[in-house]
Amino acid sequence: MLDRHLSATTHPRASSENVIVWQDYRITVLGDRLFRLEQSPSRRFRDAATQAVWFRNMPAQAYTAEESKDALTVTTQSCKLIVKANRTDCRIVLGGKTLAIDNRANLGGTYRTLDECNGGTFVCPPWRKDEVTHPVDLGNGVCSRNGVAVYEDAGSLTLGEDGEVKPERGDGTDEYIFAYGDDYRGALRALYRITGSVPMIPRFALGNWWSRYYVYTDKEYLRLLNRFDEHQIPLTVATVDMDWHYSTRMEDDLHITEKGRNTPFYGGNDGWTGYSWNKRLFPDYKKFLREVKEKNLHVTLNLHPADGVRWWEDCYGEMARALGRDPATGEQIKFDIASPDFINAYFSVIHKPYERDGVDFWWIDWQQGSKSGMDGLDPLWALNHYHTLDNAVGHGAPLIMSRYCGVGAHRYPLGFSGDTYITWDTLQYLPKFTLTAANVGYGWWSHDIGGHYHGAKDDELYLRHVQFGVFNPINRLHCCNAEVCTK
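For what it's worth, my numbering labels the leading residue of the sequence shown as 1, then goes sequentially.
Calculated directly from the structure, the hints in this document are not laboratory data.
Since this is a predicted model, take the numbers as computed values, not measurements.
A hint or two may mislead.
Unchecked claim - Think about it this way: if two alpha-carbon atoms lie no more than 25 Å apart in a straight line, the pair counts; the simulated BS3-like pairs of lysine-lysine are:
id : residue 1 : residue 2
1  : K279      : K352
2  : K334      : K293
3  : K371      : K286
4  : K286      : K166
5  : K279      : K219
6  : K287      : K334
7  : K166      : K219
8  : K69       : K80
9  : K84       : K69
10 : K97       : K80
What the hints assert, rightly or not - For each label pair, taking beta carbons as the anchor points, the in silico distance ranges come out as:
id : residue 1 : residue 2 : range
11 : P327      : R223      : 33 to 43 Å
12 : P327      : R356      : 17 to 27 Å
13 : G308      : A65       : 18 to 28 Å
14 : A482      : R227      : 15 to 25 Å
15 : A65       : L463      : 52 to 62 Å
16 : D326      : G155      : 51 to 61 Å
Even for Gly, the Cβ is constructed at its ideal location relative to N, Cα and C.
Let's have the full structure, built from the sequences with the hints guiding it.
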């Protein structure tokens, strides 16, 4: 079973007073302008929480339900829901207008990542010529021009009372109908009521962040922080990108030899996943963390968990024993975010010790696909969910930085929009991208201020990017490791 703190509090069962069953539908009145509309030929409906929706335990709602020859009309003080046997014939009556229940007038939501996106358009990287250029699909939010928006939740997996994700999905359709007209704040409040609120973020997250994808030594990093002090540029967060651990990015670290083994750190993602501090760069990482903390800075480290834990990691032996394995075999411990045992050990063995050493939170840089050991379980969602719950232990407010993982992702701040291009087109697109995300309740964006790669050094572009960052939710100064970075 999952450790207790990794189980979120949910109240998914609706009061029977708010539920109507008619033909093969179940209608739940969750508010005077919010309805749940399920349709199942077998009348098998889901009462459990889902990955997105956690709360349906609203107090008794004021409504009437009137059945006619071919329809059921549910009337509240603000609108009417007209349900007919054919779902496409169902309607909302709002402000004297009869409206189809769809997303044709939706104002959009947001997207998982802007990796390989330039100015709102995904481009073909040179090494993936099979793809075609296409615009970012922002999906749907809960706000629309005609006043009606729909969220379909049937595809979400079930979130059990024990905190574990279950492979069960809805049988049929499971729609949440938001009929809020131009009361967009009301629509967002309704979304938060059923999915959960946005956690308060720690105050330090609102300051300036320093981040760079670069092979720093401890001395280089501390010298850089001293230069910021000398120029009276205040910082609150110090990011150490992936080279805090052993990787492919230093020639001396390409091989580790132990007991006759010679293991290369190259190919696929082999050099991206790592959990052992690189002692060539950080001979005494605990001392480094203490010195950074003495500057009143908070520390985050970059994670790429896809390749699990391999035999050369400092934590390998303890991790193997925690999972009931013999460390002497040297067998790779695969990343298995669908396994409660792996999740427990992942946090207690790997991450919590580093937090005790001074790491405040984790930058989950997941880019390794959407499949896991459970059909339909997106590893990004699971990482965001469980990392946030785990980080809440020992901290005043939980914090992660990671990519958007779907409706409900606002519970896991902060959002990382991905490796953005260093172009004027991208800078022009980012304000729109930031704003439309609010339509799905997602507000705490952290963009790569200055841009990450695929561009050239341009002082004015950088200055304008920083100006945007000042008025952005999070101002995280970031870049790649070269003036021109193409990969």
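Hints and how they fare:
no.	hint	result
1	K279 / K352	20 Å, holds
2	K334 / K293	33 Å, violated
3	K371 / K286	35 Å, violated
4	K286 / K166	39 Å, violated
5	K279 / K219	13 Å, holds
6	K287 / K334	31 Å, violated
7	K166 / K219	47 Å, violated
8	K69 / K80	17 Å, holds
9	K84 / K69	10 Å, holds
10	K97 / K80	10 Å, holds
11	P327 / R223: 33 to 43 Å	39 Å, holds
12	P327 / R356: 17 to 27 Å	23 Å, holds
13	G308 / A65: 18 to 28 Å	53 Å, violated
14	A482 / R227: 15 to 25 Å	20 Å, holds
15	A65 / L463: 52 to 62 Å	60 Å, holds
16	D326 / G155: 51 to 61 Å	40 Å, violated
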